[in-house]
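Trainee: Top line first, the protein sequences correspond to chains A and B. Every letter in the first sequence is one number past the one before it in numbering that gives the first Met the number 0, and letter 232, counting from 1, is 231. Every letter in the second sequence is one number past the one before it in numbering that gives the first Met the number 0, and letter 9, counting from 1, is 8.
In case anyone wonders, no lab produced these hints; they're calculated from the structure. A few of these clues could be false.
What the hints assert, rightly or not - Here are the simulated SDA-like pairs of lysine to any residue, each with C-alpha atoms no more than 25 angstroms apart in a straight line:
1) Lys90(B) to Lys158(A)
2) Lys73(A) to Arg124(A)
3) Lys119(B) to Ser438(A)
4) Lys158(A) to Ser118(B)
5) Lys150(B) to Ala57(B)
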Amino acid sequence: MTPARSLYGRLLIWLSLPLLALGSLLLFQAWRDAQTAADRAFDRLLQAATLSIAEQVQWQDGQLWLDLPPTALKMLSGKAQERVFYTLIDDKGRYITGNARLPAHPDGRNRQDTDTLLYRNEQWRGMAVREGIRRTRLEGWQNHKRFEVRVAHTREGRKRLATRLWWSSFAAILGMGVLSIALLLLAVCAALAPLTRLRHAIRARNPRSLAPVALTLPRELAELREVINQLLARMRRVRANQERFIGDASHQLRTPLAGISARAELALRQTSPEQWYNALATIHVTSERTSRLATQLLSLTRLDNPEYSPAPVRVDLNTHIHQALLEQWPAFRQAEIDLGVDCADAPVMVDATPWQLDEALNNLLDNARRYGASRVTLGSCREPPALWIEDNGAGIAPEQRLMVLRPFHRARDDGHGSGLGLAIVDSIARNHGARLELSNGENGCGLCITLTFINEVA
Amino acid sequence: MKQHGTCWLLGMWLFAWASCLSADTPGDEAQTLHLPAQAPAMKALSLDIYAALDMPQARPLLKAFHQRYPQIEVRYRNMTTLSLYESFLRKPQRADVVISSAMPWQFSLANDGYARALSKDVLAHWPARAHWRRELVAFTFEPIAMVYNKKLLTLAEPPRNHAELLALLDDQEKALTGRIATYDPARSGAGYSYAMAESRLSPRYWDLIAALGRVEAELNTTTAQTLQGLADGRYWLGYNLLGSYARAFVEKHAELEMVIPDDYALVVQRLAFMSAQAPHPETARLFMDFLVSEEGQRVIAEQTTLGAIHPDVTGAGSAAAFRVGAGGAMRPAEFDPQLLAALDRLKRRALLSRWKREFHQATHTVPAEK
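Chain A with its partners taken away, still in its complex shape (with noise of 0.2 angstroms):
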């Protein structure tokens, strides 16, 4: 179970990995806790003895004198047979009796008045011993020269009795955690069961429906249920548009089909040849036109398919507006007007589909030559890279701007372009990543279209 490809395993690992760095903290805090434990109950022993033996510790002859309790001893050993040992040594450090010769507390400071016991493991001997220092004074009439009792013995009982105790914080701990464990499971179960409603209400809806999913879901998933929504939303308002763009598509291409079929139609009832020459160019133009349209229809269908992404490739953008240029110029001058270039002195290079950016030049140059009136300018630049074509026409107003960019939208109803072209602009401009912008042309008369190519290196 990889925990990318499942939720459940997902939220299982990350649970489950600070229970467990959790219980082995515990572990760890128990096992110390163990040794304390068997520590103090040891030590006892330790205190016990140092003391049995101290207070036998008396002056006699000129010098200290101990009547060793055998008892003492036999406490020190303990139920676990500790290997044991005893030491006895006056205020000059010097040895009285003993059956080892204990090596000295480091802490030698503590040299006042009172009774002080000191602990300490080491390695003596090869044996890993504890050993107990209680450093105290005679208390005769006279005489109250201090001396230190050493007594030590192995460790053996303490690492049994730290263990057993450490088994049976381990025993309980294992158990919390099986059960904590168990628990976690039932808790991931519950806090997933929402999503696979969710999952369950989405397979189960109409695939043609596109109404909202109404379920009651916690917080975070009702998030998820309003981002379904909202895409749902826009997939209406997507389909609602293509539903009016083919209403529209279909309403403006039967008006010149039907004003074809109706000059043809007056046509026959005529019998001059003069009369149906002009009718045949009536219906000519009007076919031309009509054919146009499909054209644009259908390329503006073939840039909004989301399918269909082809690889950019480097081109420059003065190549393809000088060939442009050389296209439309019999138009331009057929219809009169001043067609003029002002390209960037150097290559404008941008990533581009070339097709598309030879039919976005094709659109804003049949644009500008419809609306532009009598002088039109096609350019490029380089920083930021971009071409911009700008004509001295009625332009269009700042409300309008945004309108004219949809399809079928035409500033001017003058009945002789279609409304795709900025529309198909757009589109391309769109598939570029590029910034198409509208905007006044010089003298603040005319329009000026700007296409800038974002994030592109010249």
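Mind docking chain B on chain A? Use the hints.
Mentor: Frame of chain A, contents of chain B only:
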């Protein structure tokens, strides 16, 4: 040099202890026993035993072991407890098994880590009180007894316990003067350890010592000296004799009788351990195993006077039989670190000075301890 003085004193004392325990050995008997391997073709196995256990007691045990494992070459060295302790400390890597009745010394060696623990299953059946950390194993049961000469019967009934002995000494002070013998705790290690144990058992022990002092009891250093004196008729009663040796002696001397006190009887136990640096640990383990096995213990019960303590050996010569005979008065020496107290030099001086004070109370001439 004070340090040297102490060592010398300790040495003398150990020597006294040792000589008392080996007193029964005739001087001309060899103190080593060598049992060669029976099958020399096989891989040579050998076993070195250092012991303070006299030949008459040791031989049956070793022979039985050798019969059981004929492929093992056994080298047995009997020594006094002193030389045993010293030679072991000098070369701990020479001996495989060490046997001695000097309990405090054996205990001290085990406490200092010279012994190797036996495995759990070897001692599974062994009484918990008869081993320490599975390193040191008590394998005999030797009560301390009184032996009297039948001449005593002309005077009074023989005492059956300590109280009757005290009463007898008080009643017949004149008649018994010079007729009683016991251990000198100052010169004998065994006597010292009995004194230590008894003084802890009852405060009336000191009354008994005072009474012994009043009858001017002879203070000997070995069981053998006292037994010989009893056989000669010099002493009428010997107090605190090692039962395992006395039993064999009394059986040969019709005029002597042995009494195990019925109020309390001290018990000495031989302690054996396997050296941590044993050169032949495998055979050492086999021997220790044999020592605590029913087979080995049966040899001890039937062919020696040492007293077997295996729980399944119940016939004559076993601890169980001794216990039944003594009516539960057997007091084995505490087999725990209390034994170490006996080795404390100040403890020894304190006990001996008390002992001398009580013993010489009657004469009021307490000689200063040396």
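Trainee: Look at each hint and say if it fits the structure.
Mentor: Status of the hints after comparison with the structure:
1. Taking the CA atoms of Lys90(B) and Lys158(A), the gap is near 32 angstroms; set against the 25 angstroms cutoff, the hint is violated.
2. For the hint pairing Lys73(A) with Arg124(A), the CA-to-CA distance comes to about 21 angstroms; that is within 25 angstroms, so the pair holds.
3. Between Lys119(B) and Ser438(A) the alpha-carbon distance is near 102 angstroms, which puts this suggested pair outside the 25 angstroms criterion.
4. Taken as a hint, the Lys158(A) and Ser118(B) pair is honoured in the structure, with Cα atoms around 20 angstroms apart against an allowance of 25 angstroms.
5. Of the supplied pair hints, the one linking Lys150(B) and Ala57(B) is violated, its CA atoms being roughly 34 angstroms apart against a limit of 25 angstroms.
Checked against the numbered hints above, the structure violates hints 1, 3, 5; every other hint is satisfied.
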